[in-house]
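Asker: Got chain A sorted already, so can you dock chains B, C and D onto it with the hints?
4 protein chains.
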Amino acid sequence: MTDTLYSNIGYDAHTIGFGEKPGIAVVDFQIGFTDPNGPFSSALVERAICNTARVLESARKANVPVANCYTAYHSLKDMPYWKIGPVRDDFYYGHECTQMEPRTSDKNYDFIFCKSAPSIFFNTPATTLFTKNGCDTVIVMGCMTSGCIRASVIDSFSNGYKTIVPEDCVGDADERPHNDNLRDIGRRYADIVKSDDVINYLEEYRKLNK
Amino acid sequence: MTDTLYSNIGYDAHTIGFGEKPGIAVVDFQIGFTDPNGPFSSALVERAICNTARVLESARKANVPVANCYTAYHSLKDMPYWKIGPVRDDFYYGHECTQMEPRTSDKNYDFIFCKSAPSIFFNTPATTLFTKNGCDTVIVMGCMTSGCIRASVIDSFSNGYKTIVPEDCVGDADERPHNDNLRDIGRRYADIVKSDDVINYLEEYRKLNK
Amino acid sequence: MTDTLYSNIGYDAHTIGFGEKPGIAVVDFQIGFTDPNGPFSSALVERAICNTARVLESARKANVPVANCYTAYHSLKDMPYWKIGPVRDDFYYGHECTQMEPRTSDKNYDFIFCKSAPSIFFNTPATTLFTKNGCDTVIVMGCMTSGCIRASVIDSFSNGYKTIVPEDCVGDADERPHNDNLRDIGRRYADIVKSDDVINYLEEYRKLNK
Amino acid sequence: MTDTLYSNIGYDAHTIGFGEKPGIAVVDFQIGFTDPNGPFSSALVERAICNTARVLESARKANVPVANCYTAYHSLKDMPYWKIGPVRDDFYYGHECTQMEPRTSDKNYDFIFCKSAPSIFFNTPATTLFTKNGCDTVIVMGCMTSGCIRASVIDSFSNGYKTIVPEDCVGDADERPHNDNLRDIGRRYADIVKSDDVINYLEEYRKLNK
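Protein chains in written order, with this note's numbering: chain A, 3 to 212; chain B, 3 to 212; chain C, 3 to 212; chain D, 3 to 212.
Heads up, a few of these hints could be off.
In this list, chains with the same sequence are indistinguishable; a pair is considered to hold if it fits within one copy or across any two.
To be verified - Capping the alpha-carbon separation at 25 Å, the derived lysine-lysine pairs in PhoX-like fashion look like this: (1) 63 with 212; (2) 23 with 196; (3) 79 with 196; (4) 79 with 63; (5) 196 with 209; (6) 79 with 209; (7) 79 with 212; (8) 109 with 63; (9) 23 with 209; (10) 212 with 23; (11) 63 with 196; (12) 79 with 23.
Calculated from the structure, these hints are not laboratory results.
Isolated chain A, as found in the complex (with noise of 0.2 Å):
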């Protein structure tokens, strides 16, 4: 019904679409929220983690830019006002939860970088990895969707990018804030896919620019 209401009045009315040149953002794939023990583990996020290393596997052997960040701080002083307890107690430099997690990064090949607030882009290099290399395209990736994934497409979108979210590559710790988000986001930003998709434009785009 809801889903009506907004229809009605002119959301979600156009597709966005792949576009030429494609760039890759991974969010927050780090071990403080990758630890299958830890507490942001769920199911959601261990099956965001699988589809994206295969989708950035395909992105590696088509040469697409990968942006891959982490969330870091260096004191209270310098980070914003989180009311999450264990960004406040532990999200430090050095601190293991800040390490990348291995099975979606490749520190040879990712412009791995810190950022310092919920999106890839806010005070971050991200944009001047693809301008350089020409993207118009945006695969976002990571987690949560309810947080940083949130975040990362509101600016994808601003920038000016194609933003594109395969849904079975971003996770959270609940299903219900996970598909709200992916439901407001579809509605304005983005084009929600899958892996499967994201994969077969990947492997179109390695062939036609080899």
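Answerer: Same frame as chain A, now just chains B, C and D:
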């Protein structure tokens, strides 16, 4: 149940509180969204306009800086890939829908400016206003909760402000996305309060700064 | 001698060259700076206006996106701490000095917007325009070489664009700061060329993209 | 003569002054620029290191936030189009030239971060640090005056801070570009002072905020 799950793993573990120097951010209260006969009008949006007007009266009396923005474009060339039909079709410079809502804007007092993305902070001079006036707190009001309010709150938080959202000063087409987004925001980035809480705070602030 | 010193330690070791997709940035050609009877007028500024008009004619014919900005404020509250008297006194919304120079602006074609800082990129939608149009190259023109041009060139470079400055399309009150800044810029961030070089490139580009 | 021309038309018409809450920005004091045996060393740079160390001692004693940055890249893919050979060749993560100068950095106190462009503010978390700590004043030190200092001063000004440059705390390969840029900056954006002026101010600030 979802709420327990998130609080159990540390979300919403802190309260932010009001700071010493407030600034106001009013988002997208422009005719295209506020016209009672327009497609985006709703009971929640009408309520938000009335309460925002009350808060603004207190803010101006207390000499608090007000950033008040609207969304508009020159052409499709400078517009992000909006999936919302009416934004793509109508939100151009000079179109009636880009004019400010008279109940919530005062062109002699407010700093009124155009924005080009969901967030009132994205590529706008809002932070220069707040920095120049020494603000440590930003009160976010306007519409839509599940769109530009969500985006503006993330950026206010990211910039390092204590971020406050009076829930009866933000609106949406429907209750569910409105509430979903207040839930996500309140867990991470901002305190969710009532307009009367803000008015009381501004009155206190005014007395202290006479 | 200075020039040898800098080139000996590696400055100006590379040429950037024109890219595949240009965008244009015109900075502060507004009446406050361009009025031949105004305080900021000079032979260099007049020359820059005439040559910029010629480049813009080619750019528009080739369907190249044009970002064209002016500087203006609502009040001292939102203005940075300018040390330039006339900017502090006069550069307010609606003042004649904030109107666009007619020789170098076309409101039907150009994306004209207000900026609040020296750089055409600082907190403005310029990058969204260039990203949406796939630009890899930005040609910077306008005034003053030792002020807003210097700032805009730094940001164009920082954003990852191939940055080109046609020296006869930028001007200043006096030759010395004009030349000093072209020297600093040309060593680090941008190629310094002539307006005719840009016009030839735009003509080539037009033919290739018909 | 040039100076008269600019002051006659209103440049350098105001003094900014120190504000109530200072922050410190130290730019590019990294081994690649500070090594006395390296290509970028000079008498001016050595002098700047020594004086910056003195100012930092006062700043840390007064509990003033210190942003301290270095420039580094992952690969050419994320690097802007630098025309400076050594930056293109050597300034990569892990290279010795990207390590902090020990005389001007304290990893326990300072907020040390990587930047990717000339300005310490460009796509970095510097403003979040200063906003969170309520700073209205930024003191800029480091190197090179005609490169990253110029860029950082423009952005400090643009963000709305009172910007102070102690001239004996910034350096360059040669005196002429050093002086040219102090001249341009001092006319528009910042007060040019001495290290002792800053130390006296920080000592006053410390006493008031004990």
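Asker: Checking an output row: residue 79 and residue 23, CA cutoff 25 Å. Within, between, both or neither?
Answerer: between (39 Å within a copy, 14 Å between copies)
Asker: Tell me, please, which holds for residue 79 and residue 212 at an alpha-carbon limit of 25 Å: within, between, both or neither?
Answerer: Cα proximity of residue 79 and residue 212: across copies only (18 Å, versus 48 Å in one copy).
Asker: One pair to classify: residue 196 and residue 209, alpha carbons no more than 25 Å apart. Within, between, both, or neither?
Answerer: within (21 Å within a copy, 40 Å between copies)
Asker: Have a look at residue 79 and residue 63 and pick one of within, between, both or neither, based on CA distance no larger than 25 Å.
Answerer: Between copies only: 16 Å across, 41 Å inside.
Asker: Give the relationship of residue 79 and residue 196 under a CA distance limit of 25 Å: within one copy only, between copies only, both, or neither.
Answerer: neither (40 Å within a copy, 28 Å between copies)
Asker: I want to check one pair: residue 63 and residue 196. Are their C-alpha atoms no more than 25 Å apart within a copy, between two copies, both, or neither?
Answerer: within (19 Å within a copy, 42 Å between copies)
Asker: Please sort residue 63 with residue 212 into within, between, both or neither, judging by C-alpha distance up to 25 Å.
Answerer: within (10 Å within a copy, 34 Å between copies)
Asker: Please sort residue 79 with residue 209 into within, between, both or neither, judging by C-alpha distance up to 25 Å.
Answerer: So residue 79 and residue 209 pass the 25 Å test across copies only (21 Å; inside, 48 Å).
Asker: When no copy is named, should residue 23 and residue 196 be tagged within, between, both, or neither for a Cα gap of at most 25 Å?
Answerer: For residue 23 and residue 196, only the intra-copy Cα distance (19 Å) is at most 25 Å; the inter-copy one is 32 Å.
Asker: Could you place residue 109 and residue 63 in one of the four classes (within, between, both, neither) given a Cα distance threshold of 25 Å?
Answerer: within (15 Å within a copy, 38 Å between copies)
Asker: Could you place residue 23 and residue 209 in one of the four classes (within, between, both, neither) given a Cα distance threshold of 25 Å?
Answerer: Answer is both: 13 Å inside a copy and 23 Å across each meet the 25 Å cutoff.
Asker: My question is about residue 212 and residue 23: at a cut-off of 25 Å on alpha-carbon distance, are they close within one copy, between copies, both, or neither?
Answerer: both (13 Å within a copy, 21 Å between copies)
The structure is inconsistent with hint 3 alone, although it conforms to all the rest.
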